[in-house]
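Q: Generate coordinates for the entire structure from the input sequences, incorporating the hints supplied.
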Amino acid sequence: MRTGLFITFIFFLFGYANGQEDPDTTTIRMKEKKILIINNDGGEDGDNDTIDAAPDHKTLKHFEAHWAGVEFGPTILLNSAMKSSFPNDKQWENDPGRSFSWNFNFAEYKFKIYKNYIGLTTGLGLNWTQIGLKNNLLFANSDSLWTIKDTVNDYQKNKLRAVYLTAPLMLEFCTNSDSDKGFYLAAGVIGGVRIGSSTKQVIEEDKAKVRTKTKGVYGLNAFRLDAAVKLGYKDIGVFANYNLLPLFDTDKTVGVYPLTFGLTVNF
36 MRTGLFITFI FFLFGYANGQ EDPDTTTIRM KEKKILIINN DGGEDGDNDT IDAAPDHKTL
96 KHFEAHWAGV EFGPTILLNS AMKSSFPNDK QWENDPGRSF SWNFNFAEYK FKIYKNYIGL
156 TTGLGLNWTQ IGLKNNLLFA NSDSLWTIKD TVNDYQKNKL RAVYLTAPLM LEFCTNSDSD
216 KGFYLAAGVI GGVRIGSSTK QVIEEDKAKV RTKTKGVYGL NAFRLDAAVK LGYKDIGVFA
276 NYNLLPLFDT DKTVGVYPLT FGLTVNF
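My numbering applies: residue 36 is where the sequence shown begins, and numbers increase by one.
Treat the hints as calculated values from the structure; they're not laboratory data.
A few of these clues could be false.
[Stated by the list, open to error] Quick list of in silico lysine-lysine cross-link-like pairs, BS3-like style, CA-CA up to 27 Å:
(1) K235 x K194
(2) K194 x K169
(3) K169 x K250
(4) K194 x K242
(5) K287 x K192
(6) K248 x K125
(7) K118 x K192
(8) K287 x K248
A: Structure (structure tokens):
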């Protein structure tokens with residue numbers, strides 16, 4: 036009897052210290068748990084008390100995808116036959132050593148299909164695509180795709196660059212219930228919309244580098260749709276993206292389809 040009164044007194048002190056407005060409810064907080072003691076004097080059962088322990092957040096599982104992270108790799112321009120030669124449009128035989136893409140994927144969400152082993156991944160990212168042009172070629176203007184050769188300057192760098200906002204829809208498989216462990220494979224499509232583009236040239240004049248940057252559309256398609264695959268172990272992997280839509284408006288030039296492959300590091 037005395038023990039019961041003592042425990043009741045202690046609970047009363049805890050409730051008073053926590054500043055509870057409801058005199059029928061006492062709350063005790065212990066680290067990551069909360070215990071509620073509710074007095075049901077007005078109920079049919081009389082003195083029934085309820086003790087509710089809030090679940091530990093560590094027991095709640097979050098299913099992470101393998102999208103958020105950084106990707107980098109070279110880009111090769113292919114024709115409609117998936118070959119790198121353009122007999123009538125030599126400007127699209129790009130310089131692979133100066134052509135690359137890198138992705139910064141900053142948001143992801145995984146729809147669970149079967150635990151963490153199978154899921155549907157989506158998210159948001161940014162893609163920077165850079166095409167290195169050969170033979171000192173220049174676009175005549177931003178409304179067409181015919182080029183001229185600069186016979187005066189020798190370009191150290193000659194690039195066409197575009198930036199896209201991207202979003203994936205990929206089916207992902209994992210070999211471990213923990214996303215940070217085991218192997219993963221994801222395949223699907225990545226959609227994108229162009230949000231900026233420009234050309235950049237670098238020449239050397241009087242032993243100093245002179246850089247020229249010109250913004251323009253340059254016949255680039257406003258949208259892109261890539262067939263994509265990602266494979267890796269834990270947070271390191273490889274990726275490959277192939278543009279299903281042509282890079283440029285086909286009313287202005289032949290079909291050009293970038294292929295990019297490289298390394299990925301997941302957040």
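Q: All hints, please: hold or fail.
A: Going through the hints against the structure:
no. : hint        : result
1   : K235 x K194 : holds (5 Å)
2   : K194 x K169 : holds (9 Å)
3   : K169 x K250 : holds (19 Å)
4   : K194 x K242 : holds (21 Å)
5   : K287 x K192 : holds (25 Å)
6   : K248 x K125 : holds (22 Å)
7   : K118 x K192 : holds (24 Å)
8   : K287 x K248 : holds (23 Å)
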